[in-house]
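Student: Fit chain B to the given chain A structure using the hints.
Each chain is listed here by its residues.
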Amino acid sequence: MLRWIAALAMALAPLPAAAHKPSDSYLALRVEGATVHVQWDIALRDLEYAIGIDTNEDGVITWGELQARHDAISAYALARLNISAGGRPCSSSAVEHQVERHSDGAYAVLRFAAVCPEKPGTLEAAYALFFDLDPLHRGLARLESGGETRSLIFSPAQPRQRLALAERSPLRQFLDFAREGVWHIWIGFDHVMFLLSLLLPAVLTRQGGRWVALSGFKPALWKTCVIVTAFTLAHSLTLSLAALEVLALPTRWVESAIAVSVMVAALNNVYPVLERRLWMIAFLFGLIHGFGFASVLKDLGLPRESLLLALVSFNLGVEAGQLAIVTALMPVAFALRESWFYRRLTLAAGSLVIVALAGVWFVERAFELRVLS
Amino acid sequence: MLITGNCAAAPFVPADPKEVLERLPEAPGDLAAQELRQMRRELGRDPQNLELALRVARRYIGRSRAEADPRYLGYAQASLAPWWDAASPASVLVLRATIRQSLHDFSGALADLSLALESQPHNPQAWLTRATIQQVRGEFAEALRSCRPLERLAGELVATACSAGAASMKGQADESYARLREALARERPVTPGVRLWVLTGLAEMAQRLGRSDLAEAHFKEALALAEPDAYLKAAYGDFLLDEGRHREVLALLKDDVRADGLLLRLTLAERAVQAPAAREHADALKARFAASRIRGDSLHRREEARFTLYVLNQPHEALRLARENWNVHREPWDARIYLEAALAAGNPGAARPVLEWLRENRVQDVKLAGLAGQAAR
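Residue numbers (my numbering), protein chains in the order written: chain A, 1 to 373; chain B, 1 to 377.
So here's chain A without its partners, still in its complex pose (with noise of 0.2 Å):
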């Protein structure tokens, strides 16, 4: 009876009201030619509690310990990786080590390559590091072959994965981003009101502090077309040299920016300051829309050997999406043009309500905070 007691302590409130991280790896595998390169990063305390690194014992990991245990710990995690290709192993090479700061804690950071027979059609990956001491370890993964990147998952239950290599052709390639840009631009609330914002007036014009109906069509046409082709090119400018790394922004700096400038193009059409040359807003903020765009490019993961391919897609996609809303908008405004309901309505209080939205977004994102939601 005792005895049972002193065990019950154990088992009496809920535990995971306080979790950790559990304990995970991660593997970075990325395929070129016959050749895998590796990044693992494994935990100091995983490795600590498998084969020891604390030499003196003091609760601590200094870098000169790691250091003297690097050969064990080569050696060790090798062990249980293999990779193979199509049947027939690949070979490491020597471990170039490294240290690397996780959420979690340090991790020592494992490089090397796997270089096979052949270039891979499949890839065997078996791994088993610490599922013998944990077995709630994982070992989480990301492949990255012929422009595709893949994540898996290892674990005691699915210690091996075979994974098929096939090229994922140019063209496929290319309509995956044109579509992420497509629809990047329709769900890009803030790069439609921007736009609109700045076309509600194109099929306008201001005679003595008024604003009057254009008589042609062709001169809209022309007004819309000079605004948009000067938004483009802006925004294609900054998106490929931020993709390229040429540049850099951050990313709260330049979201509260792109809150801006939907404020100061919709305001303009309340109070206008800029009548005819509109296309210099487009083009001046265009510049910052093309950060907003990039980061997204980069958060759907670029493949290095077709950055080119990925950035020139992903940008046609935008364009083709933003010119669909242009397309659809376009004759709608020119046929409502004389109409009070598109002067004050339309233009006017529409162009107020974008401007207090677009000013909750500023607030939100330069202060972090949470207006709507």
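Any given hint might turn out to be false.
As the list claims (entries may be wrong) - Simulated DEER-style distance windows between Cβ atoms:
| no. | chain 1 | residue 1 | chain 2 | residue 2 | range |
| --- | --- | --- | --- | --- | --- |
| 1 | A | 55 | B | 274 | 41 to 47 Å |
| 2 | A | 60 | B | 226 | 24 to 30 Å |
| 3 | A | 368 | B | 31 | 45 to 51 Å |
| 4 | A | 356 | B | 175 | 53 to 59 Å |
Rather than coming from a laboratory, the hints here were simulated on the basis of the structure. We put the beta carbon where it would ideally sit given N, CA and C, even for glycine.
Tutor: Quick look at chain B alone, frame taken from chain A:
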């Protein structure tokens, strides 16, 4: 992008061999940890030794409770490996149930316990674990039934603590609290583990009754007993947050950045007093929740809902998580985060399942009653 999303920085080569890369959770003078290491080595030489394996597993489960670290659950499972997938003896089944419960595999855990109780109907650990799981799932009547055999098997205090928790959620909050308090005063001697558990329960019950003064006294007594476990720290942290005593939360949890749940409470307090570490800690939590999603884990939904609501300020997403969490986990805090998210999202109607649950069970909880009042309006 998914994987590197977890990385704060790029790999590097430290310049100084003396540079400290990691502090291990076991302090160098930790005798219990040394002893456990020794036992583990022994078990390595003799892996079929069931008696030793059970001892090692219990110690690791105890450590995982104290530190809320799932690695220790994995170590416990590994020490039971020869019996894990086979037709296991009842003693292994009970531990397997405890581990499964901790990983939120409640039905697996209950199945293990039923099997264990078939061969060992007098195993108090099995009954208590079963009652705990049933209570966590909001099955209070079943939990009360599981507590009943404990009167004979484990004595009055343990049986009372078991049933008072469930009964207090079934419209008998005042009586249950008084009953448990008396039982604790009567019982001699009480092991520190059981005392800690009973005091934590009393504190939570007093808190639900709106008696902050009593709750505070129970928490203080529990904290003074021994090194507090993660559950107690989290509960006291929540109490202090509710009382607006943020500085005390900082003092309580400043060294607990490893456990996600404790780091969450620390971060909430830091944000309230605008401490500079708040942002870094919020980023760390975000990365850890993202990492656990890559793993396919859904252990942290309650914590993640709270984080999403109060740190990310995304009530709709928080409501989605709180609702998912509600499907498996039904304790007062699960109800609370659900109600709070629904109210913040401007969608009090979404919390109807919680309102019905509160009404059906006649749950007495001042905090929940207040929220439910707002949601029903």
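Student: That 53 to 59 Å hint for residue 356 of chain A and residue 175 of chain B (C-beta), does it hold up?
Tutor: holds (55 Å)
Student: For the range 45 to 51 Å, tell me whether the beta carbons of residue 368 of chain A and residue 31 of chain B fit it or not.
Tutor: 46 Å Cβ-Cβ, so the 45 to 51 Å window holds.
Student: Is it true that residue 55 of chain A and residue 274 of chain B lie within 41 to 47 Å of each other by Cβ?
Tutor: Holds, since residue 55 of chain A and residue 274 of chain B (Cβ atoms, about 42 Å apart) stay within the stated range.
Student: Taking 24 to 30 Å as the hint, is the beta-carbon distance of residue 60 of chain A and residue 226 of chain B inside that range?
Tutor: holds (25 Å)
Against the hints set out earlier in the document, no violation occurs for any number.
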